[in-house]
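Engineer: Spelled out from the first residue to the last, the chains are:
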Amino acid sequence: MSHRLKTGGRLIDRSRDVKFTFNGKHMKGFAGETLAASLLANGQTLLGRSFKYHRPRGIVASGAEEPNALVGLGKGDRYEPNQRVTTTEVFDGLTCETQNHWPSLDFDLLAVNSLVPQFLTAGFYYKTFLRPRAFWKHVYEPVIRKSAGLGKAPSPDARDPDSYEQIYAFCDVLIIGGGIAGLQAALSAAETGARVALWEQTAHWGGRAPVDGVTIDGQDADAWVAATIAKLEAMDNVHLRLRCMGAGVHDHGYVLGYERVSDHAPGTDAPRHRLWRMRAGQIVTATGAIERPLSFAGNDLPGVMLASAVRDYVVNYAVSPGQSVVVVTNNDDAYRTAIALRQAGVGVPAVVDARAEANGPLVAEARAAGITVLTGKGIRKVKGGKKVTGVEICRIDSKGTAFTEVFDCDAVAMSGGWSPVVHLWSHCGGKLVWDDTHHFFRPDASRPPLGADGAGFVRACGSADGEMGAVLMGAHEAGLAAAKATGASGTPPAPATDQVPDMAPMDAVWMMPRNAEYDLRMKMWLDYQNDVKVSDVQLAAREGYQSVEHTKRYTTLGMATDQGKLSNINGLAILSDALGQPIPATGTTTFRPPYTPISIGAIAGGATGPVFQPLRRTPLYDWHAENGADWEPVGQWRRPYTYIRAGEDRHKAVNREVTNARTNIGLLDASTLGKILVSGPDAGRFMDMLYTNMMSTLKPGKCRYGLMCNENGFLMDDGVVARLSDDAFLVHTTSGGADHVHGWMEDWLQCEWWDWKVHTVNLTEQFAQIAVVGPKARQLLERLGGMDVSRDALKFMEWSEGRLGGFDARVFRISFSGELSFEIAVPASQGRAFWDRLLAEGADLGVMPYGTEALHILRAEKGFIMIGDETDGTVIPQDLNLNWAISKKKDDFLGKRGMEREAMVHPDRWKLVGLETLDGSVLPHGALAVTGGKTANKQAETEGRVTSTYYSPTLKRGIAMGLVRHGPNRMGEVLEFAGPNDARIKARIVDPVLYDKEGAKQDV
Amino acid sequence: MLLLTCPCCGVTAEETEFAPGGEAHLKRFGPGSSDADYESYMFNRKNPRGVHFERWRHAYGCGKWFLAARCTMTLEVFGTYPAQTVEPPAEIVAAIKAKRPEWEGFA
Amino acid sequence: MSDMAVSALPGASYAGFVTVAEAGLRGMISLRGDVAAGWMTDAVVAATGCAIPAQRRVERAGDMAVAWMSYDELLILCDYAAAPALAAKLGDLLSGQFATVANVSDARAVFTLTGAQAGDALAKLCPVDFGTLREGDIRRTRAAQVAAAIWVSGPEEMTLVCFRSVGQYMFYLLSRASAPGSEPKLYA
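Chains as they are written, first to last, in this note's numbering: chain A, 1 to 1004; chain B, 1 to 107; chain C, 1 to 188.
Quick caveat, the hints were computed from the structure, so don't treat them as lab data. Hints are all accurate, no fakes.
Here are the simulated lysine-lysine pairs, DSS-like style, with alpha carbons at most 27 Å apart:
no.	chain 1	residue 1	chain 2	residue 2
1	B	K97	A	K431
2	A	K231	C	K185
3	A	K383	A	K399
4	A	K127	A	K52
5	A	K757	B	K27
6	A	K997	A	K795
7	A	K152	A	K75
8	A	K699	C	K89
9	A	K484	B	K99
10	A	K152	A	K52
11	A	K702	C	K89
12	A	K889	B	K27
13	B	K27	A	K888
14	A	K1001	A	K699
Cβ-to-Cβ under 10 Å is the rule here; a few derived chain C residues that face chain A:
no.	residue
15	A5
16	S7
17	L125
18	Y172
Computed from a prediction, not measured in an experiment: that's the story for all the values here. Glycine residues also receive a C-beta, built at the ideal position from the N, C-alpha and C atoms.
In isolation and in its complexed conformation, chain A is listed as follows (with noise of 0.2 Å):
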């Protein structure tokens, strides 16, 4: 079993209890460790089960590369599922539980699944859930939904109560890893004055060297570490994150670093997470290694980890996974386990080496220390049910048909070599090349990921390079490489010296025993989460399968939530062997960021609730608000749909505010309108270019209405027009066309005209407008007194500007209701007391705000259209019979081209009318006219759509315009509208001016 020891841990503080429930059971662990080691500090090996086949699992790994040992943490808000035991830190009042069980951990019935596992072969979905058809939707999907997923997804009432943020960050050389090569790598660079950053995914410096009894420079690892990190520390260009883990790396040298701020340390101020935006001129891995499993019948039971792991809890953390722990391996570096383990007094039945001879300094020194090495053979089955109870071993060349030897054990040692942690440097398009003497793939550095000046930008060092000896040499090359790469010049000392021991060559042992029997292979998994087992490989190599990719997705090998990290050599080892090539013909599938799950929240950053996106508010924001404003939202604008008094609903709002702007006074915040000045010596020449109409012709004082279209013709914004000066003209665009309108502008004339003398300014938020629009308007302007809007004075389609009621104001005598309207700018700060002043001086006028919908009613009953509404990006001005906007004088404007194509002038065009339903009910928006014919693709045959409709207070009943083929040559024709559940709704062609055709109302 499991278990603490007396003495040693050197990342433990034994003073320091830290209290937690596993399942509700209560627990005790040290501050210093992971939730891993406190676990099986408390002897629970047993922690969750697999994916498939509810095999019971237990702790493999001891970092990021953990693929059983998953989760679910924390209770209700924070409740999250899916987290590695061993990389979270164990704190005081942590709470976890297992997943993938039922009814318990310990007893779980879907466990029959295992009984039977050539039911779940590669490919089991696809063959078994095939057929039939009609089984799909009821049968199958809510077979496959119940054993889908592992862990529980929160509940949808949770709300995450802890903040994430993200933050933009610059250096010259990024170093990824904090072992060693990192350390090294991150010393040399920042000596020669370069801009130095340095990420560690762990809580802790130094890597796997203090655990591996490296020395430095004669000194033990850890006092070098400690020396080096003070050192660093000490230097204003060196920045160092621990609990920041390199997540990708992407094109011209962006990094993602997920930092876990405060998971270790809940209910600090401090947030949760925090997602590095780094831009790195240089980026340096020095991210290690990750050691392999060996594939070999029962190689999942809880209680058979990484010889690795083993040797990082008994020193790091003063845990043994077991009392007698028999170790496996193909190569030197697993005796320093066996060694770690009887220095710490923990039983060593026996290492079990598949070489034929084992003769390096590590293994005399393991002999030396008693321990039993048989050599040339391997583990035939491991025994046990829910944990370790003893291995049986063979030859590593038979079959496995009968053991040689037997020993008691409570758990197993494996080691099947190393894989250097290659995924940041192939994020981004490093190549690997495969390395014949250690059998793994190492960075190819003649192929790096190219940055923004086409040179390599990422370097690997250390054991992440494929560096298996001394690695001190190669980490200070290559951070000084870094260096020197972003011009930094100046020359660090030599580095330090490590010393490790000479290591035999490693022997490639991809499966134990190598000639293994189908029972015992399919017992060998090669990704644990997944349940991918190395039969479920050879049987989709027989299947055909040959590209790694497409074996990948059929078996689901490393597609779990550990993407492989353990499994993906193993598995193409199998694959290539089974194809009968060499593994780098097989080839890597692709590595993808994130290195490890991140978590949604710190992808969100900052951006939730009132700054998930922005939202623009009006000088009269706030009165809206406090005054029953429903709001619209309009581009990121905030307007008032209709302001809702009590005893009302939204329809009756509307209603009421459009009878008072008939009747009496309405005010409309109209702050949101585009304001762009255009102005220079060729400001008309330009506006010419711009608008469909002549507006060099414009008088200054004088207002004039003009379309906008794009080069294809079609009608992009409207508005008006106003002449300020000779050189200066005042454009209103659309509310959310303002910015497009604008960048549409400096777009003609920085990259096409670029020599005519024009400017445009964008002052859309400079004013507050607001448009007062009745037949009382004029009254309550004169109330305000200072400039004369007379009739006379201010004529329809003028405009001037003066101090009203004491505001520095412009007035524009423009209707978009059909009333007589002005409409007044007033700088923005001055806003809402102008406001304030209309409503107090209005009030017996019966003056009355009305929002969008209001506005949209009054235009509609006028005929007047709305950019977005009678246009959707393919109608031109003609459709909508605009043609007296399109001058015949210019030789040229934007879209006049376009315009002259076939298709524009194609009589069959849909063109803007009128509709009046026979019923005056209203038409359902969008409804398409159909003519009851059948297309050539047997759909309804439609000749028009409705493209606005509303009731009309005004006149009582349903009003709407609508594009219809040949449309204005039909008046009076009834057409039949399909409406919902197939009813057929009759409308009329009429004009679409249904409210005051002669404009008397609006120039009085």
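With chain A held as given, fit chains B and C onto it using these hints.
Structural biologist: For chains B and C alone, kept in the frame of chain A given last:
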């Protein structure tokens, strides 16, 4: 995510400060042009695998448009230059030639 | 009529690891025209007393400042009430030249960030290397999802200018970014 240097304000910034504007050096064909010329102006784009000239606007910065010569395959940026030109300037062409000797040149 | 004028978020302030305060009404004039032209220098010096700033720099004289926004755009900062008259004066000084003067005082919201860690707070919002900015620099960029101009206006002070309509959004952003306990300790 790309890094680009705006030649108008001198800032080197990440892609999120910029807005892309498609292929550069298009010749506008207005009224009177043939259908083929108009079509090529509006719709036909080179979309090469390799050296490409693009329009970018420093939308969150100085607001200016500029042009970039870039490799669509490796994302290497050969240089950026002002938008007020109808073809890539000589120093940009030289920079590309130095890196991509096989490049057929701007056409 | 400046006595009726109110800024975007009058009096808003937040004391985090930096202090964020809405700066109230500020006079601002957008001046378009060739920044390198001699007549531009003459007009700007005559109107403000400030020299023409170098690329991405701000020149100050008394309560006036002139910021480089682009090769054909300057932003003049002054007292709010003085802006209309100053704009008119610039218009006169530049008459006959290809130049455009516009009072944009009301189109903006201005925030002051005070404290040694102002760059640390802004680094959470802007893709900018604050380690390379010096006093008197101005950097136009993006703060979260909106445009912003950041002026290093003092040894431990940054002035951020954004559009008025997003003043409230910006204040939320700046407050969150400077929340106590979230110090990233990047630059300070």
